Amino acid sequence: MSFLSHLISGISLGSIYAIIALGYTMVYGIAKMLNFAHGDVIMVGAYSCFFLMSRFHLPVIVGVVAAMLVCTLLGVTIERLAYKPLRAAPALAVLITAIGVSYFLQNAALLLWTSNPKVFPSIAGNTSIKLLGGQLSISPTALLSIASCIVIMVALTWFTSSTRMGKAMRACSEDKGAAQLMGINVNVTISMVFAIGSALAAIAGILLCSAYPTLTPTTGSMPGIKAFTAAVFGGIGSIPGAMIGGILLGIIEIFGKAYISTQLSDAIVFLVLIIVLLVRPAGILGKTVQEKV
Amino acid sequence: MARVETKLVPQPATNYLPERDADKQPILETRNLGIDFGGLAALDSFDIAVSPTEIAGLIGPNGAGKTTVFNLLTKVYQPTRGTILFDGRDTLGMSSVHLSRAGMARTFQNIRLFNNMNVEDNIKVGLHKSIKYGMVAGTLRLPSYWKQEKIAHERVRELLSIFSMEHLTQHRAGSLPYGAQRRLEIIRALATDPKLLLLDEPAAGMNPSETAELMENIVKVRDTFQIAVVLIEHDMNLVMGICEGICVLNFGKIIAKGTPSEIQNNPVVIEAYLGRREEDHPEDERAEGEDPGVTYVEGPEGHSTDEWAADKGPEVMHGEGREEDHHADGD
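Those protein sequence lines, which keep their order, are chains A and B.
The letter at position 252 of the first sequence is residue 252 when you use this note's numbering, and the numbering goes up by one with no holes.
The letter at position 56 of the second sequence is residue 56 when you use this note's numbering, and the numbering goes up by one with no holes.
Hint data in this document are derived by calculation from the structure and do not stem from the laboratory.
Among these hints, one or two may not hold up.
Derived lysine to any residue pairs resembling SDA-like cross-links, with alpha carbons at most 20 Å apart [unchecked claim]:
| # | chain 1 | residue 1 | chain 2 | residue 2 |
| --- | --- | --- | --- | --- |
| 1 | B | Lys150 | A | Gly166 |
| 2 | B | Lys7 | B | Val219 |
| 3 | A | Lys32 | A | Ile284 |
| 4 | A | Lys84 | A | Met33 |
| 5 | A | Lys84 | A | Phe104 |
| 6 | A | Lys176 | B | Met117 |
| 7 | B | Lys132 | A | Phe159 |
| 8 | A | Lys176 | B | Arg172 |
| 9 | A | Lys176 | A | Ser191 |
| 10 | B | Lys132 | A | Val188 |
| 11 | B | Lys129 | A | Val188 |
| 12 | A | Lys176 | B | Arg112 |
| 13 | B | Lys150 | B | Ser161 |
| 14 | B | Lys129 | A | Val186 |
| 15 | A | Lys32 | A | Pro240 |
| 16 | A | Lys32 | B | Asn115 |
| 17 | B | Lys132 | B | Lys147 |
| 18 | A | Lys176 | B | Gly174 |
| 19 | B | Lys132 | A | Ser161 |
| 20 | A | Lys32 | B | Asn116 |
| 21 | A | Lys84 | A | Asn187 |
| 22 | A | Lys176 | B | Asn118 |
| 23 | A | Lys176 | A | Gly166 |
| 24 | B | Lys24 | B | Arg89 |
| 25 | A | Lys176 | B | Val97 |
| 26 | B | Lys220 | B | Ala180 |
Every value quoted in this text rests on a predicted model; they were computed, and no experiment measured them.
Put together the whole structure using the sequences plus the hints.
This is how it looks when you write it as structure tokens:
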């Protein structure tokens, strides 16, 4: 029975990673850059929701929507100010800028909200759901995470596959020049991807802090790195890949904690990344694309 | 294909328009257009006018600057000097997106389809500006989504039917045969509802029967949509077969303009394509602006040029050329 409960908490943690990984993978898909500040957008989302809920006593749903708006705005602003001027710059310059933005957000949060950890209230309540005659207990946050992940995945697949904006996104990720000459505004499309990714980061941040209630300015960085691992694991640039990668990574982490060693669980996660990169450099669902030289 | 040569009427600034459109405003006009790449003038003093229903050809040897012209017109490159008037408007400061929305569409020399998307979605990307529903309506599939997508779907089928490709809607663009990819690129360009269609080597890699079909289709597209077409092509059968006005580029400069028969009989053009034999080429036939020291010995570019030259080569050497007059009073 403990196996089943570990599996469920693995899937739920994995769902959160998957939602974060979507942000990485969508931005990579369209802008061909790794937005390492994405993890810190999660933290900002969690803080926004925390303050609205605990200081202003607003209902959960208002907190979540407001946090999504804050993160959307933050994501689009970061893109405009930090990444857009570097559209033509070498990939390395953009990568370093992204790391810089990440540290900027962490330190700004440190100044604004100090390093004292905040205790995040669970947004889904604390009454566990008992199943199989009380042998299996599932936290409502876990269920909420898994449900959110499924809803987001379905909506996003729909969005990218059959709406005009989704098609514009796919067109831009394949060939920006050609898309532009077909009348698609590439800058608007890239902003839109940052907006969607950041709104999802807010949801992930709130779910993460509901499950692990300690909120500090560095809360987002480790899940951010793990979600990036998940995106690479699943095949960066691929939306279903991010989902599969995230969930597998969550399961591996929880099983590692439960059956191997609590201290080594992070090491196991990154070991998996190394093995995947050695065996399948493009990830589970990634396509091996020949780089033009 | 039986063809009737269109009579060209001279315009100011050494341009020509088909007789039927002589009193209309050209859809495209360039004045003294040029671009330098690091001090080298890749294109200079490029003046053309294209009427709203004309099929115009842009030809010239490899590296003459033909694709550069397209890249300037569509603002992939910013011109160093000169003006581009599209539909009577100065395009200064307009981006590729603006121009596409204003009605300029193009295809590419090396096909640039969205290979991982299916045929229908490729065309729908071209329809982007004409499909209207918001992000929320799209994600939640509100009625406006279904209505707009239905219209788009019908438009896709309509466009595909021009090239008899309706059965391919669900195929991945990258998996189509080469000729079909070229046709799809033209359809995607047409989906943007253009007034001017720029085709960069539409017949490249096509076999003769595909090319013949393409020629008919280009004329059909022009007749159906009443749009102007400018095409770059090395296949002389195609160019001479359907183009009304032709402009010949060499080393970034226009060396000749005129109807197909004028171009075929123009010694300067023949020299640019085939090189010059001293005994065939008295000094006085050389056009102004040509470097007298250069003798081109490179061969012609495609088999078609080759055939064309073999057909027309010997007897056209003494043909009358408009070129000399144009250069004498032009520049």
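Verification of the supplied hints:
1. Distance restraint check for Lys150/B and Gly166/A: the Cα-Cα separation of roughly 17 Å lies within the 20 Å cut-off, and the hinted pair is therefore satisfied.
2. Restraint check: the Cα-Cα separation between Lys7/B and Val219/B comes to about 17 Å, which is no more than 20 Å; the hinted pair holds.
3. A threshold of 20 Å between alpha carbons decides the hint, and for Lys32/A with Ile284/A the separation of about 19 Å falls inside it, so the pair holds.
4. Of the pairs offered as hints, the one joining Lys84/A and Met33/A holds, with about 11 Å between alpha carbons and a cut-off of 20 Å not exceeded.
5. A hinted pair counts as satisfied when its Cα atoms are at most 20 Å apart, and Lys84/A with Phe104/A qualifies at roughly 17 Å.
6. The hinted pair formed by Lys176/A and Met117/B meets the criterion: a straight-line CA distance of about 14 Å does not exceed 20 Å.
7. With a C-alpha separation of about 15 Å, the suggested pairing of Lys132/B with Phe159/A holds against the 20 Å cut-off.
8. With a CA separation close to 19 Å, the supplied pair Lys176/A and Arg172/B stays within the 20 Å bound.
9. Note on Lys176/A and Ser191/A: the hinted pairing holds, with a Cα-Cα distance of about 14 Å set against a maximum of 20 Å.
10. A hinted pair counts as satisfied when its Cα atoms are at most 20 Å apart, and Lys132/B with Val188/A qualifies at roughly 16 Å.
11. For a cut-off of 20 Å, the pair hint linking Lys129/B to Val188/A stands: about 13 Å separates their Cα positions.
12. Taken as a hint, the Lys176/A and Arg112/B pair is honoured in the structure, with Cα atoms around 10 Å apart against an allowance of 20 Å.
13. Our distance criterion of 20 Å between C-alpha atoms is met by Lys150/B and Ser161/B, whose separation comes to about 17 Å.
14. A threshold of 20 Å between alpha carbons decides the hint, and for Lys129/B with Val186/A the separation of about 13 Å falls inside it, so the pair holds.
15. For the hint pairing Lys32/A with Pro240/A, the CA-to-CA distance comes to about 18 Å; that is within 20 Å, so the pair holds.
16. In summary, the hint linking Lys32/A to Asn115/B is supported, as the alpha carbons are separated by about 18 Å, within the 20 Å threshold.
17. For a cut-off of 20 Å, the pair hint linking Lys132/B to Lys147/B stands: about 10 Å separates their Cα positions.
18. For the given pair, Lys176/A sits about 17 Å from Gly174/B by alpha-carbon distance, which is consistent with the 20 Å threshold.
19. Under the criterion of a C-alpha separation no larger than 20 Å, the hint pairing Lys132/B with Ser161/A is consistent with the structure, at around 17 Å.
20. Note on Lys32/A and Asn116/B: the hinted pairing holds, with a Cα-Cα distance of about 17 Å set against a maximum of 20 Å.
21. For the proposed pair Lys84/A and Asn187/A, the alpha carbon gap of about 8 Å is at most 20 Å, so the pair holds.
22. A distance of roughly 17 Å separates the Cα atoms of Lys176/A and Asn118/B; the hinted pair therefore holds under the 20 Å criterion.
23. Straight-line distance between C-alpha atoms of Lys176/A and Gly166/A comes to about 14 Å, which keeps the hinted pair within the 20 Å bound.
24. Pair hint Lys24/B plus Arg89/B holds up; C-alpha atoms about 15 Å apart against a cutoff of 20 Å.
25. Restraint check for Lys176/A and Val97/B: the C-alpha separation of about 11 Å stays at or below 20 Å, so the hint holds.
26. About 17 Å separates the Cα atoms of Lys220/B and Ala180/B, which keeps this hinted pair within 20 Å; it holds.
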